[in-house]
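Undergrad: If you want the building blocks of each chain, they are given just below.
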Amino acid sequence: MNRKPTTDRGQAHTVEAFIAALLLLSALLFAMQATAVTPLSASTSNQHIENQQRALADGLLSTAADDGSLRATVLHWNASRGGFQDSGEAGYYQRAGSQTAFLDALNETLAERRIAYNVRVRYFDANGTGVSTDPLVSLGQPSNNAVTASRTITLTNESRLTGDCTGDCRLETEPFYAPSVDDGQLYNRVEVRITTWRM
Amino acid sequence: MADVTDQLGCGERGQLLLITALALAVILLTVALLLNAAVYTENVATRETAADSRDAIAFRGEAVDGVADLIRTENHGGGDAAAVAAGINATGPLVDRQQARSGVVAAVSFNGTTDGQRLTTDSLDNGDDWAVVEGADGARNVTLSVDPTSLADSPADVEADALGVRFVTTAGNETRYVYREGGEVAIDAANETHSPSRQCSIPTADPTTVDFTGDRLSAGSATVDCFRGLWPESTVEDIRIVNGGAGDGAFAATVRGYDTVNTNVDTEGVVYAATVDLTYRTPEVDFETTVRVAPGEPR
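Same order as they appear, the protein sequences are chains Y and D. Residue 145 in the working numbering sits at position 145 of the first sequence, and the numbers go up by one each step. Residue 290 in the working numbering sits at position 290 of the second sequence, and the numbers go up by one each step.
Honestly, the hints are just simulated from the structure, not real lab data. Model, not experiment: these values are computed from the prediction. Worth double-checking, as some hints may not be accurate.
Just the calculated beta-carbon pair ranges, DEER-fashion [to be verified]:
#, chain 1, residue 1, chain 2, residue 2, range
1, D, TYR40, Y, ALA12, 51 to 61 Å
2, Y, ARG160, D, GLY103, 26 to 36 Å
3, Y, GLY91, D, GLY172, 54 to 64 Å
4, D, GLU192, Y, ASP67, 27 to 37 Å
5, Y, SER98, D, GLY103, 29 to 39 Å
6, Y, GLN94, D, LEU22, 53 to 63 Å
Using N, Cα and C, we set each Cβ at its ideal position, and we do this for glycine too.
The shape of chain Y in the complex, shown without the other chains:
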């Protein structure tokens, strides 16, 4: 059998090798982009983690609303100091703690599973149209995969602060972060919003 001379095929071999290398690299790149590489990379599987965290936060809020600890946390205000009870200089909690039963539940359920969270309170201004938001717990800046859950509670003039107060602890007479929006017994509606994300 006659063989073709091999001396003039070097260029073709080089081009083929380049094309092969390109194909391999493209395949690798595509594979890396198409699959969920880590739990934190944005992907369809990450959606499951977000759903789980939202369900967890929803459950925590519902339980706390039922047993009254959510209300007690919103009212855990030190009236004479103008900040949440036993918080730092900022007036809100900057680390996971157990100052109230609800914060303890957040600490045990989320922080110990390496899930970070922020808790904010959103309430109406005195005229009942605008809203203001204050931090209650701030553990940092949420990631792109953060989820939120919220629950609203109604406060009346007879609601009592659970922190240190200056008089009889009733909202009607004590300084509080949310103003009264009504002349009657309705005081304000406070929305508690939890934002959670994986650390």
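For chain Y, the structure is supplied; the task is to place chain D on it using the hints.
TA: Frame of chain Y; chain D shown alone:
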């Protein structure tokens, strides 16, 4: 064996490399596509197909809690039905604005109130078996607050010596006895056929409160749920105090109406219940309901 390398020759290995590379690329692409398809399929398969009604149910819960607080607050200050109505109507615009931010059309509006009477007495020692109220029509917030040191300590005969609250129901008498035993305040339940049996207990602390309609026992800052139940299953007609001398404290109940009440019992007009209309609308969920709110009513 034939020498393949030799047969192909050095000059023809580029083709082999190319084919191998192509085969590898196809394998990797297939694996990637399969993995992605599996993740996507799982996501689609576990996605909820029905409209999510959880938010609507949570909205209902929030509204009920809010109205219950308004009723409690108003009842502290005299139980003015008009003030409850004003409070509910003042809540409406706030709910509307709050929910609108989430793309929800929501409304809370006042529908009506039911008047009731708050019955209280701090004089339990009016006999061995005396009626607080007879012919009660609906009862909620039935509580007994006692000084634990005044309760009978480890009574030999609970039915004869312990302070009790007797509910005369359509199915017979049901009595709950409260006494001290071993550093705890205990509650026993008895009826016409069953002798007293322990329902729940809590370490002694002052004040001790038994919430019959809420099935709870609290002492100091602690509270326990009496899972076996304190409130009778049948309709309660009369409420009586048994062995009134075996404890100092106060008894209170809110009723819709009654036939007679003991002269030692104070009565005060209060709001028994309020009815509100709720609306919750999103592109997927259309939820409307009328809820009757009576805080402290038996479960």
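Undergrad: Please go over all the hints and tell whether each is borne out by the structure.
TA: To see whether the hints hold, each was checked on the structure:
Look at D/TYR40 against Y/ALA12: about 41 Å separates their beta carbons, and that is not inside 51 to 61 Å. Taking the beta carbon of each, Y/ARG160 and D/GLY103 are about 35 Å apart, inside 26 to 36 Å as hinted. About 58 Å separates the C-beta atoms of Y/GLY91 and D/GLY172, a value consistent with the hinted range of 54 to 64 Å. The hinted window of 27 to 37 Å between D/GLU192 and Y/ASP67 holds, with their beta carbons roughly 36 Å apart.
Under the hint 29 to 39 Å, the C-beta atoms of Y/SER98 and D/GLY103, about 36 Å apart, fit the expected range. The beta-carbon spacing between Y/GLN94 and D/LEU22, approximately 57 Å, falls within the hinted interval of 53 to 63 Å.
Going down the numbered hints, you'll see the structure goes against just number 1.
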